[in-house]
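Line by line, the protein sequences are chains E and Z. The opening position of the first sequence corresponds to residue 2 in this note's numbering, with each subsequent residue numbered one higher. The opening position of the second sequence corresponds to residue -17 in this note's numbering, with each subsequent residue numbered one higher.
Treat the hints as calculated values from the structure; they're not laboratory data. One should not assume that every hint holds.
Unchecked claim - Below 30 Å or equal to it, Euclidean Cα-Cα: the simulated DSSO-like pairs (lysine-lysine) are:
hint	chain 1	residue 1	chain 2	residue 2
1	Z	Lys39	E	Lys72
2	E	Lys57	E	Lys38
3	Z	Lys39	E	Lys6
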Amino acid sequence: DQQVKQNSPSLSVQEGRISILNCDYTNSMFDYFLWYKKYPAEGPTFLISISSIKDKNEDGRFTVFLNKSAKHLSLHIVPSQPGDSAVYFCAARVHGQNFVFGPGTRLSVLP
Amino acid sequence: IAGITQAPTSQILAAGRRMTLRCTQDMRHNAMYWYRQDLGLGLRLIHYSNTAGTTGKGEVPDGYSVSRANTDDFPLTLASAVPSQTSVYFCASSGQQGGNEQFFGPGTRLTVL
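Pulled out of the complex, with its shape left as it was, chain E reads as follows (with noise of 0.2 Å):
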């Protein structure tokens, strides 16, 4: 069963609008979420974080939520551009052990 869902296999959203890729986890004693952006035939990189002392983090037009509670973490984008356009993975962690990745959201930009 897998511990880290992002439910959405793909989104579409048109330029300069919002977007908004969600993910929920089951584990409780995850502490730290990362979120990743993949181009193909790339390696992910690292996009953004939050530890779960915190709700919200925010980094230029990125933006991570967090609610504890729901066990439900989400990725905004404001204003999207056709650059976005891209895979986004979250993460989550134990402290001390291995991160567990979600399946992936493919995010495309429409001009």
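Starting from the known structure of chain E, arrange chain Z on it as the hints suggest.
Below, chain Z without anything else, positioned relative to chain E:
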């Protein structure tokens, strides 16, 4: 070398053959990882190493082996490849196990026929 390199970029392999995927990092990171990426399943951890001389099993270790003779290199070996091992393989590293950020290599696309 800058970051993590992997070789080969891609490979087509006959079932039953032995294959070693190479991974080298120049960041002096203690921890290294091997993942496979499959559609709908995301990145699944095969093996990891917390520091040179130690290795551990991840989520899907069967059919794979690793070694960590030094800090920089972390090769992944398929002793007798099977078609279900067709995948894209990513090597990654971090300062320590469970470190806050992992750096990934560009990947190796492996096809086993």
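Cross-check of the supplied hints:
1. Z/Lys39 / E/Lys72: holds, 27 Å
2. E/Lys57 / E/Lys38: holds, 19 Å
3. Z/Lys39 / E/Lys6: The hint holds at about 22 Å.
Checked against the numbered hints above, the structure violates none of them.
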